[in-house]
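Visitor: Mind assembling these two chains? They're in different frames, but the hints should get you there.
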Amino acid sequence: MKKRVAGLAARFIFLLASTVLLSACVTREPFIPAHLPAGAQSSVELAATPFFPQDKYQCGPAALATVLVASNAETTPEALVPVVYLPARKGSLQVEMRAAPRQFGRLSYPLSRHLESVIEELAAGRPVLVLHNYGLSFWPKWHYAVVIGYDAASDKFIMRSGKKRRTEWRARTFMVAWHNGGRWAMVVLRPGEIPVSADPTLYLEAAADFERGASPADSRLAFDAAVQRWPGQSVAWIGRGTAEYRAGNISDAARDYATALRIDPGNVGARNNLAQSLLDLGCPTRALEQLRAVNTDALASPLKEAVLDTRKHIELAKPSTLVGEPSRCTSQY
Amino acid sequence: MKHSPWRKFAVGILSIAIFNTGMVGTASAAIADTASLVTIDRAADMTVVRTHLDRADVRAKMEEMGIEATAVDRRLANLNDRELHQLAADMQNAPAGGDAVWIVGAVFIVLIILELTGVIDIFKKT
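If you're matching them up, the sequences are chains A and B in order.
Straight run, no breaks: the first sequence in our numbering ends on number 333.
Straight run, no breaks: the second sequence in our numbering ends on number 126.
Some clues are possibly wrong.
In the SDA-like style, the derived pairs of lysine to any residue whose C-alpha atoms are separated by at most 25 Å in a straight line are [as the list claims (entries may be wrong)]:
id, chain 1, residue 1, chain 2, residue 2
1, B, K61, A, V81
2, A, K312, A, G282
3, B, K61, A, A79
4, A, K56, A, K90
5, A, K164, B, D81
6, B, K61, A, A73
7, A, K304, A, A293
8, A, K56, B, G66
9, A, K164, B, G66
10, A, K56, B, L116
To be clear, the hints were calculated from the coordinates, so they are not data collected in a lab.
Just so we're clear, the structure is a prediction, and the values are computed from it rather than from any experiment.
Chain B with its partners taken away, still in its complex shape (with noise of 0.2 Å):
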């Protein structure tokens, strides 16, 4: 139950926070975001409302996690609330894209042996 917060709060959000600073920093202030106005349909299965998302767990995640504090700041700034909440999802177990090196050659292999041979068909569903 420790935990469940930071995942469910990772799981599920409708993107009311997607709004952002809600307005575009210009002189007369009360110009919506497009990015406010777009309807984002995957958003809608998505059950866990947060319409406040403090950045700051994410921010110390993200130090725990081996980034230095300065450039942490920068990547978060970069981000809006629907991709901070996604980050906040993925950190843990999302695929992270590495390493060429074919550690895992063998399985690959033989799975591709089976694939060409017809033994299996990973895209009959497809």
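Same shape as in the complex, but just chain A (with noise of 0.2 Å):
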């Protein structure tokens, strides 16, 4: 038993002291100059990016601290552990970290594997959130840190990271806590601005998410910026329609809506909520035309019971005939 001990001492001690040596050898590839996406600066540091010193187990309220108060939300460290910290844990999960920003009346946006669309948001403007594994796959320590910067000639990133205000990693060295870490990385987004490299179902999901705690207006901000981005997605329209039906602009949301099922005419949730504006437009004979061809049968429960209930308020306001309906009903939407 000893004498294995020993061998893989030795052998572990041989490993090292050829690695050492193989080092004088070997050089590799820089990181940084190969990612960079075309446009993008070579160097970046946003060092207006706030610090927080974080305490023992507690980066995750820093770095959520840092990256809401560089957009411009108010908030703490401190204010922000009972929000993210899990005490049997010694730490903050990705979920709520991914959460906890809407409280703030902001967006967080997942970003994507590629170390391209991390370099982007720092060439916007934008410090990005990572999840560093400093241990092993069946060993883990995580850290959460906030990337302010790059610079492609040295091959660095620039970090805010635990107790230290600014830290410069070689990219390799970050890229392989960062790869341990399975290559998460989220920003926080003010209503209006889409990431670079941002993906339209990740970004319209998490606008949705944003949907149900937000002000109308900051809802419309997020789903006005999708619709310019991205005119072909139905759920863009969708979400700024009940921005502005939230707001009291019934015939703007409904002309969202009718533009959603032009794009995609078998959104039933889109009918839905466009025969409800006509309803509330005081068209009842063409928000039940809507509705009509729809088999509530084929639906799943709460959308069912939605276009259900849709249906009855219709039938309480006594549809008659398209020609005895207000002028303003005919055809606009």
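Guide: The structure is reproduced here in structure tokens:
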């Protein structure tokens, strides 16, 4: 047994020694130049990013406060401890890190696993929250840090991390920790901002999650940006329509829902919302027309109830003939 | 088997429950939340369907994990059902970013040396 341990130790020392020797002759490609997107500056440092030195185990609240305050939200790590810190785990979970910015009128967006998207966000002026793993896959040591810059020439990333206000990391070292941490990164967005590399589905999912607690005005900003960027996405129009509806701009809402339906005629959610808007506009017959062909039996439960509910409201308004409806009801939507 | 319902319930959920309240709390209530209309592809390969999620389960678990009762309520209120499921799944074992202190510094340094010198290449497949 002793022999085996000694043998292992010897092998380990040999391996270590040989790698140190090898390091003299092996050069590896620099990382950042190879992943620098077209148009990105070769060097960026978001020096105005605030710094909050972390307390023990509490890099989650500290890193989150860093990106939130950088986006002009008002908070502190202390205020975020009850929001994201999980005592029994001595840390913070990704799902709560993602959800927390909503409480401050901000969206969170999960970046892709490609280093390019991290660099692109930095180049666009947004610090990036990353998850690092300084351990091994079976013995992980997780840590959140905020990347605030990079330098292609020296192949280094600049971070706010732990108790260090400014720490430079060789890109390869950074990549080992990021890669072992599952290449997880997020940015915090003000309503109306969309990441450079954003995927429409992921962004719209983030915006839809944001909608629930947001003011109609903020929600409108978030979806309006999506309508501009991806006019072919029906959900973007639906989201903007709902923001308009909640703000009381019913005819604007109806227009957006109608646009969503032109893109995706089978979207029952959009149809339901359009019908409700038409009803509110005093056009019960047109509203009913929207839902007449919808087979509620084929719908999943929650949407089904919404449609049945809308129908019930329409019936109460006693739809009669199209001719009897106000002129504003005709063919506008 | 005692623990497996927790795991199961955590692992797969087709987010029908994402519909949440189903309605925006405005005067006229039949507008469907946009969240209920976003297609979430990753829900597709989930197998366990639970239409109703008992938030009380998660609440109890969080208190057990050291969060004050008043804080738990506020925390859960901020999560939609999809996130709640995720939280339930993550609480025990998912990454929880914590300490910056390099308790395992030696391991990491060895890893870095191996990587830098080309003995291993963890990025090979990406």
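Visitor: So, against the hints stated earlier in the document, which numbers end up violated here?
Guide: 5, 6, 9, 10
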